[in-house]
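The hints should help you fit chain Z onto chain L, whose structure is shown.
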Amino acid sequence: MSVMTEITIFVLAAFVGFEVISKVPTTLHTPLMSQTNAIHGIVMLGGLIVVGYANDPLEYVIGTIAIAFGAINIVGGFMVTDRMLGMFSKKPKPKAEDDGKAGK
Amino acid sequence: MIAEAVLKPGGDAATALYIVAFSLFIIGVKRGTHPTTAKQGNMVAAVGMAVAVVTTLLLDGIGNWGLIALGLGIGTAVGVIASVRVKMTEMPQMVALYNGVGGGAVALIAWSEIRHGISLGETIPLDTLIPVLFAAVVGSVSFWGSNIAFAKLQDLIPTRPMAVPGQQVINVVLLIGIIVACVNIATNNGDPSQAVFIGILIAAGLLGNLVVLPIGGADMPVVISLLNAFTGLSAAAAGFALDNVALIVAGTLVGSSGTILTMEMATAMNRSVANVLFAGFGGAPAGGAAGSTEERPHTSIGAQDAAIKLAYADSVVIVPGYGLAVAQAQHAIKEVGDELEKRGVTVSYAIHPVAGRMPGHMNVLLAEADVPYEQLKEMEEINPEMPRTDVAVIVGANDVTNPAAKNDPDSPIAGMPIIEVDQAQQVIVIKRSLSPGFAGIDNDLFYEPNTSMLFADAKQAAADIAAEIQNL
Chain L
1 MSVMTEITIF
11 VLAAFVGFEV
21 ISKVPTTLHT
31 PLMSQTNAIH
41 GIVMLGGLIV
51 VGYANDPLEY
61 VIGTIAIAFG
71 AINIVGGFMV
81 TDRMLGMFSK
91 KPKPKAEDDG
101 KAGK
Chain Z
1 MIAEAVLKPG
11 GDAATALYIV
21 AFSLFIIGVK
31 RGTHPTTAKQ
41 GNMVAAVGMA
51 VAVVTTLLLD
61 GIGNWGLIAL
71 GLGIGTAVGV
81 IASVRVKMTE
91 MPQMVALYNG
101 VGGGAVALIA
111 WSEIRHGISL
121 GETIPLDTLI
131 PVLFAAVVGS
141 VSFWGSNIAF
151 AKLQDLIPTR
161 PMAVPGQQVI
171 NVVLLIGIIV
181 ACVNIATNNG
191 DPSQAVFIGI
201 LIAAGLLGNL
211 VVLPIGGADM
221 PVVISLLNAF
231 TGLSAAAAGF
241 ALDNVALIVA
251 GTLVGSSGTI
261 LTMEMATAMN
271 RSVANVLFAG
281 FGGAPAGGAA
291 GSTEERPHTS
301 IGAQDAAIKL
311 AYADSVVIVP
321 GYGLAVAQAQ
331 HAIKEVGDEL
341 EKRGVTVSYA
351 IHPVAGRMPG
361 HMNVLLAEAD
371 VPYEQLKEME
381 EINPEMPRTD
391 VAVIVGANDV
401 TNPAAKNDPD
411 SPIAGMPIIE
421 VDQAQQVIVI
431 KRSLSPGFAG
441 IDNDLFYEPN
451 TSMLFADAKQ
461 AAADIAAEIQ
471 NL
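Chains as they are written, first to last, in this note's numbering: chain L, 1 to 104; chain Z, 1 to 472.
Next comes chain L alone, as it looks inside the complex (with noise of 0.2 Å):
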């Protein structure tokens, strides 16, 4: 891929996500940046990468930390998200089950 065109898929990403963020409302702030957080975590895959081409071992140690500080960048990051969002789909739903029970 040539520098220009990766510097095109740069500027249109930055755009895409300046877009994408407007007028959260501030209980999702903390979520949200937990889960943009855990996305940055796709920066394990360099380590994946440079690790194949590791051949000395203070590279293998380097390599192995990036991976492991990426997984739990990844594994961390979504799911310290989705327990955070669980504190808040869980109340809505009781409520419209008992709804419904009084309906009947």
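A few of these clues could be false.
[Claimed, not checked] For lysine-lysine, the following DSSO-like pairs were computed, each having C-alpha atoms within a straight-line distance of at most 30 Å:
no., chain 1, residue 1, chain 2, residue 2
1, Z, Lys-39, Z, Lys-377
2, L, Lys-23, Z, Lys-30
3, L, Lys-23, Z, Lys-406
[As the list claims (entries may be wrong)] Label pairs and their in silico Cβ distance ranges:
no., chain 1, residue 1, chain 2, residue 2, range
4, L, Ser-22, Z, Ser-435, 33 to 43 Å
5, L, Phe-15, Z, Gly-11, 25 to 35 Å
6, Z, Ala-50, L, Met-4, 29 to 39 Å
7, Z, Leu-58, L, Thr-8, 23 to 33 Å
8, Z, Tyr-312, L, Phe-15, 53 to 63 Å
9, L, Phe-15, Z, Gln-40, 22 to 32 Å
10, L, Ser-22, Z, Asn-188, 36 to 46 Å
Keep in mind the hints are simulated off the structure, nothing from the lab. Predicted, not measured: the structure shown is a model, and the values here were computed from it. All residues carry an ideal CB built from backbone N, CA and C; glycine is no exception.
Then chain Z, alone, in the frame of chain L:
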């Protein structure tokens, strides 16, 4: 079996799968901005991540499977255990920590990449070298900065702004040093010095420490969000270096959406990002105010008096703060709310945008305690109601109720929007002591004639009050 599944890096199949992955990220983030779709959005993004990871594992040239398994195993185990065990109150520092390891991974990848380049013995092209340097610097800043943010929120180091003498000068010197070293490496791209590169990593780490240390705990959410955006950008830089389109798009997406989110958070606190980074929270005026507070008269009451005030009120507003979260008092306070409701008292919870330690953090904590969603009122919604409120109960909150933000232009928190409890007929403050809050400044509210202080642990006090109301 792997031989058949191998994908060519940058080839059509791999790129197509990466496109699927980053499309899922974009959809995931978009859904994450609406309350009804947020949980699903997170799942969508996680699926995107799974696609990206599997695609990469199938790439030609991926090897050292033992190390990959080891790294993935350790990382996954730590991630799962940490996120299952973490308490909801500790969520903000958990996010800081995850952000830090992400930045650390970027810096390590940059290091490995430059070692690889050196070992090949050929000139490293600048379109690889420059992103590598950027990733190294920003990744290292983000790693150390996030760790400091974590340590502050976890109370491992003081949350007060810690000023190092000559701070700004040191930062500028470090930054210039980093730039000079980067130029040195870039101009010697035939044979760059690994020692200089390691020097850059260290200097950037030091810079990360020094930038975050002087920032007060109250501003930490904004800092974490900013570092989050930084880590995203550094991941994108790593993508440039490795010619990986998934990294470029995902990293950039986080970088730009994180920047917007940071600005929104800062706006919610009526602070600018520059102000947060360079002003430090509270300096001399804060110290002066804190010194003069010890002897001021205040009214102190017990749980029974508080129960009586509350039970015979028509409307009660509960203002929860971080103290409630630390004391794990959300369930106990909900019980007080329930008892009052039974007696026909109107109860609502006033949520300051930055109550807890991050925007939205308090909503999470109260949702955990099953407080009905419709009783949660945002600041703009509750402030006009305040003059008609009989009793405002402040549980472990401080700065977000400090009238100095409105009345004292010299206060370090001047201009920060507050919950105007001083407008309520009566105020009960449940707090361990008169000590200042996160911003390190005194709260005049405690010394108002219509304010009663109930000195106790928030959880114990709430339980006592609930019991007393039942006995009335």
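Each hint, compared with the structure:
no.	hint	result
1	Z:Lys-39 / Z:Lys-377	22 Å, holds
2	L:Lys-23 / Z:Lys-30	12 Å, holds
3	L:Lys-23 / Z:Lys-406	25 Å, holds
4	L:Ser-22 / Z:Ser-435: 33 to 43 Å	40 Å, holds
5	L:Phe-15 / Z:Gly-11: 25 to 35 Å	27 Å, holds
6	Z:Ala-50 / L:Met-4: 29 to 39 Å	31 Å, holds
7	Z:Leu-58 / L:Thr-8: 23 to 33 Å	26 Å, holds
8	Z:Tyr-312 / L:Phe-15: 53 to 63 Å	58 Å, holds
9	L:Phe-15 / Z:Gln-40: 22 to 32 Å	24 Å, holds
10	L:Ser-22 / Z:Asn-188: 36 to 46 Å	45 Å, holds
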